[in-house]
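Enquirer: Top to bottom, those sequences are chains A and B. With UniProt numbering applied, the first sequence covers 1 to 257. With UniProt numbering applied, the second sequence covers 1 to 274.
Since the hints were made in silico from the structure, they are not lab data. Please note that a few of the clues may not be correct.
Derived DSSO-like pairs (lysine-lysine); straight-line CA-CA distance at most 30 Å [what the hints assert, rightly or not]:
#, chain 1, residue 1, chain 2, residue 2
1, B, 261, B, 192
2, A, 147, A, 128
3, A, 147, B, 192
4, A, 128, B, 192
5, A, 231, B, 192
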Amino acid sequence: MDLIANHITHRFGDLAVLDDVSFTVGAGEVVAIVGPSGCGKSTLLSILGGLLQPASGAPELRGAPPADSLNPLTFVFQDFALLPWATVEENVEFPLLHTQLSAAGRRALVEDALRRTGLTDFRQTYPKQLSGGMRQRVGISRALAVKPAILLMDEPLSALDSQTRELLMEDFVRLLADGGMGAVYVTHNLEEAARLADRIVVLSRRPGRIREVVTVPMTRAVRGEATAREKLLALQNQIWSLIRNEAIDAEREVQHA
Amino acid sequence: MLDRAASDVAPKDGATRRVRFRGAGFVPASSRYGGWIALALVIAIWQAAGSAGLVNALFLPTPSAIARAIYQLAVSGALWQHLSASLLRIGVGWVLGTAAGVAVGFAIGLSRLARSVGITFISALFPIPKIALLPLLILWLGIGEEPKIATIALGVFFSTAISVYSGVDAVPRNLIRMAQSFNVPFATIVRKVIWPGALPAILAGFRITASVALLLVVSAEMIGAQYGIGAFVLQAGNLMQTDQLLAGVVILSVFGLAVGKVIGWLETRLLHWR
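Could you build all of it, start to finish, from the sequences and the hints given here?
Expert: Printed below as a string of structure tokens:
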């Protein structure tokens with residue numbers, strides 16, 4: 001199943017946020033969206049996932065999702081969005097409650113999702129008892145439980161410390177390794193984008209337009225190797241040179257707002 | 001010129017000095033037994049002053065005289081007669097007012113139409129002292145239990161509706177968006193996200209409405225009842241039986257404390273995740 005941003009334009013009142021953004025995320029493909037602060041990255045993701053109506057244009061799907069997918073487009077949120085009154089297990093089960101699955105079927109999916117994210121021993125724990133990294137693991141586990149075709153990730157690591165970010169990045173690489181699941185990964189961190197994405201969509205300063213689409217010229221499997229790091233660094237520098245001046249302008253604009 | 005503490009001044013000989021503790025941000029710790037000890041102390045002083053004849057017993061009966069009055073009330077059966085009449089009115093009025101308040105509060109919290117209509121009505125009617133409506137309610141509903149129960153229900157209804165829609169408004173929107181992103185149906189979102197998210201505010205509202213019900217039952221019973229703690233307190237006051245009057249007040253206070261404990265227990269059970 002492909003996800004298509006079809007000429008998406010959006011504004012909040014008089015403020016133009018996105019201007020004619022079009023691209024396609026192919027099945028199993030990981031596309032990162034980067035750009036200066038306030039360029040509309042998260043707004044674009046909300047539109048793609050059906051949580052915000054664009055002013056014009058539309059998000060579209062092409063092809064059928066995998067037969068076992070219970071929620072083809074599934075978000076992983078920056079702030080985790082966990083139910084604080086529910087245990088880890090209940091949070092992961094939450095999106096399955098309204099499906100036609102039997103209790104045993106739900107339990108099997110929850111078990112599998114908890115196992116894949118290393119949360120099996122924390123099933124009875126409440127979110128407030130967990131670290132930020134573990135909370136995001138619950139968010140990822142909840143997303144995996146519905147067997148998504150495409151993960152929509154809105155700066156999923158930005159609220160975490162650098163060590164936890166590194167560990168979760170390894171998890172993302174592992175989860176996306178087999179190409180069975182695609183992703184749109186919104187981030188301001190160019191290293192994360194270069195590490196994870198097949199293609200990187202670079203947005204301009206507000207209103208966000210596509211400045212460039214950069215293809216990462218190597219498979220994700222080899223990106224952890226020492227020889228690949230130099231190339232990835234060069235790629236990050238190339239993207240940074242595209243957005244540096246606009247990022248400075250955007251920061252000044254925020255400071256003067 | 002800046003006013004400096006002694007520890008801020010650099011010593012001339014280069015010796016070290018300890019950094020002065022400047023405070024941890026006003027965090028008062030409550031003592032578990034402090035309140036009870038203070039209460040016992042006040043009662044002891046009160047009793048001593050009464051026993052020593054420093055206070056006229058008619059103006060302020062001693063705690064032991066009040067305890068004696070409560071005991072006599074209990075033994076004679078009058079306590080249960082008055083208390084059961086009040087409890088029945090409070091119970092029925094509170095349940096009716098709460099049920100309506102929760103329903104209207106949720107409607108206002110979830111529906112644009114209900115919000116625009118409901119908030120206007122609540123803003124206009126909430127400030128009216130409900131006891132002022134009792135004569136009108138007697139006219140409408142007769143002189144039985146109904147007007148007293150209706151007065152309590154009305155008082156409870158408005159506070160409940162306000163706390164419920166405030167609680168619904170306070171549910172983090174990101175949780176609702178999360179649920180919508182999984183195509184969770186509206187009814188499930190209400191049951192699994194909005195209800196538990198609003199529960200802290202709803203239970204806080206229950207604390208207020210329990211007090212409102214207590215105030216209103218006493219007021220209503222003072223206006224038109226033969227039995228009930230309010231009627232008993234009024235009757236004792238008219239006969240200048242101040243020990244009986246204060247016995248009624250103590251019973252009300254104990255009842256209020258008991259309700260507070262029940263709601264505290266509910267909070268511990270239902271909001272253990274906080």
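Enquirer: Are the hints correct? Go through all of them and say.
Expert: Against the structure, the hints come out as follows:
1. B:261 with B:192: 27 Å, holds
2. A:147 with A:128: 26 Å, holds
3. A:147 with B:192: Answer holds: residue 147 (chain A) to residue 192 (chain B) is near 22 Å, not above 30 Å.
4. A:128 with B:192: 18 Å, holds
5. A:231 with B:192: Cα-Cα ~48 Å, so violated.
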